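Q: If you want the building blocks of each chain, they are given just below.
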Amino acid sequence: MSSLVTVRDLGFKSGPREILSHIDLTIEPGELVSLIGPNGAGKTTLIRAILGLIKPDSGSVTRSPGLSIGYMPQRLVIAPTLPLPVHRFLALGGRVSQAECRQALEEVGAEDIWGTQVSQVSGGEFQRMLLARALLRKPELLVLDEPVQAVDVGGQTELYALIGSLKDSHGCSVLMVSHDLHLVMSATDRVICINGHLCCAGHPEDVSRDPSYLNLFGERAENVALYHHHHDHHHGLDGRVLDGQAENSDSGSGHHHG
Amino acid sequence: MDEFLIRAVAAGIGVAVVAGPLGAFVVWRRMAFFGDTLAHSALLGIAIGLLAGFNLTIGVFAACIGVALALAGIRGRGAIAGDTMLGIISHGTLALGLVAVAFAGSAGLNLLAYLFGDILAVTAIDLIWIYGVGAIALAGLAIIWRPLLAITVHEDLAAAEGAPVKTINLTFMLVMALVVAAAMKVVGILLVAALLIIPAAAARQFARTPEQMAVIAALIGGLSVVAGLGGSLSLDTPAGPSIVVAALFGFILSLLAPNFGASKQR
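Protein chains in written order, with our numbering: chain A, 431 to 688; chain B, 888 to 1153.
Treat the hints as calculated values from the structure; they're not laboratory data. Mixed in with the good hints there might be a few duds.
[As the list claims (entries may be wrong)] Take a look, some chain A residues computed to stay more than 12 Å from chain B by CB distance: (1) GLY441; (2) GLU448; (3) THR456; (4) GLU461; (5) ARG478; (6) SER488; (7) SER490; (8) SER498; (9) ASP575; (10) GLU588.
[Unchecked claim] Here are the simulated BS3-like pairs of lysine-lysine, each with C-alpha atoms no more than 27 Å apart in a straight line: (11) A/LYS597 to A/LYS568; (12) A/LYS485 to A/LYS443; (13) A/LYS568 to A/LYS485; (14) A/LYS597 to B/LYS1053; (15) A/LYS485 to B/LYS1053; (16) A/LYS568 to B/LYS1053.
All values reported here derive from a predicted model rather than from experimental measurement. Just so it is clear, CB atoms sit at the ideal spot from N, CA and C, and this is done for glycine as well.
Please take these sequences and the hints and turn them into a complete structure.
A: And the structure:
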């Protein structure tokens, strides 16, 4: 089977500022890919390019023909001036029946909020509601931008478990943006770490030991790492690699920039 | 009842019925200032109509649609913030319109009638305009209702789900231009935006779905027209502003009403 999404040498600029450069990635059927990186690393921009909401300045994004994507955006604030029950929110995405909406809400374990106003549901319920709307697309690929945002730690673990089980029951792939590698580690097939450019990619254990990952996430990351390489470059405040300041590198780390 | 009064009530209710649902979207999308800008541009349309010598109603529609298209084109572009740009176009077209009307030097033109409306002078032809345009606007709004609501909630999510965001937004702006041009007859250029937002804001308290809010806004708007015209006749006050004052009372009453909808904030 061919890849669902193929990103080749993608670059995106906002004015003179380079948000993303030389990003390559693929998403294979049935795979759970976690996209991690610090704030401002361009994670949401990359997601928007994959969804086709923005055109890259260079490189390409190819989606397999007819690919159905369920998208869960980040930080959705619904105007309190808009009276909107949860079931109506679910039906906004397309032509779906009441029964389908109810089933989707049951699947995410939030059937209680069916008639509740969107402005009154809790953080965790809100994220489940978004997930239900994404499921209504009958997705082959779920794209989740920070799905556990505004959810307490216990709820975060539950949500990640839910996402994992939905992936299995629907047989879909998942591309998930996350801040925290720890929580997603067990369920993730592949981690892609970006900071404007592609820092490292691979199995979660490998990434957690990768010097560029350690450099990005610092102390916190080192707690889970088994050993530590020296990083072979520095990042500027905008995430660009400052090659001129590269310190003595461990050439075995396999992390080079062209 | 006098014939002019029947026409006035019919015109006012015709406008209120369309302004309700449209005003709900204006409130949800925070476009009150945008409505004001469209209305102000109408005076420029009148001036151009006077100078070029064609039908003033057509001039108003043309100016509103032109400004709506221009605003759609410059939306979110450049170094000038959106509200600044709206302010420039809003007051720029109003001032330009006032100057141009004076320049046209038409002695028979009653400027106040355009600024504050002249609902008691509505003619049978005006009524046909209002109801024709109102029907088109309502039909247009009904057709784009679901995707427009989806875009209002979250533009990226709607776009990712395949909603034609640009087409829908443009259609919405054109519908708004039509309604503003029609509503101008009733409450005038300076108070058109009030007829859009006040009934819709008053309806929020009583609504649990978007459609309820749209219908209740139309009802409150219609009641405001009747109450305003009644007050205007008995107290001998200007009709357009009296209608807006009635709507304002409606809004204040809605704040005192028990909370039907779930507008409570956590």
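Q: Now tell me if each hint is right for this structure.
A: Going through the hints against the structure:
Its beta-carbon lying about 21 Å from the closest one in chain B, A/GLY441 satisfies the requirement of being farther than 12 Å from that chain. For A/GLU448, the requirement that its beta carbon stay farther than 12 Å from each beta carbon of chain B is met, with the minimum near 20 Å. No beta-carbon of chain B is positioned within 12 Å of the beta-carbon of A/THR456; the least distance is around 20 Å. Once the 12 Å rule is applied to beta carbons, A/GLU461 is consistent with being away from chain B; the minimum gap is 20 Å.
Against chain B, the non-interface label of A/ARG478 is violated: not every CB pair exceeds 12 Å, the least being about 7 Å. The non-interface label for A/SER488 is consistent with chain B: the shortest C-beta to C-beta separation is roughly 22 Å, beyond 12 Å. No beta-carbon of chain B comes within 12 Å of the beta-carbon of A/SER490; the shortest separation is about 19 Å. With 12 Å as the threshold on Cβ separation, the claim that A/SER498 sits away from chain B is violated: the shortest Cβ distance comes to roughly 10 Å.
With a minimum CB-CB distance of about 9 Å to chain B, A/ASP575 fails to clear the 12 Å threshold, and the non-interface call is violated. Non-interface status of A/GLU588 relative to chain B is upheld: no Cβ of that chain comes within 12 Å, the nearest being about 21 Å off. Between A/LYS597 and A/LYS568 the alpha-carbon distance is near 12 Å, which keeps this suggested pair within the 27 Å criterion. For the hint pairing A/LYS485 with A/LYS443, the CA-to-CA distance comes to about 10 Å; that is within 27 Å, so the pair holds.
Proximity of A/LYS568 to A/LYS485 is assessed by CA-CA distance (about 25 Å); at most 27 Å being required, the pair is judged to hold. Straight-line distance between C-alpha atoms of A/LYS597 and B/LYS1053 comes to about 33 Å, which puts the hinted pair past the 27 Å bound. Under the criterion of a C-alpha separation no larger than 27 Å, the hint pairing A/LYS485 with B/LYS1053 is consistent with the structure, at around 15 Å. Distance hint between A/LYS568 and B/LYS1053 is fulfilled; the C-alpha atoms sit about 25 Å from each other, no more than 27 Å.
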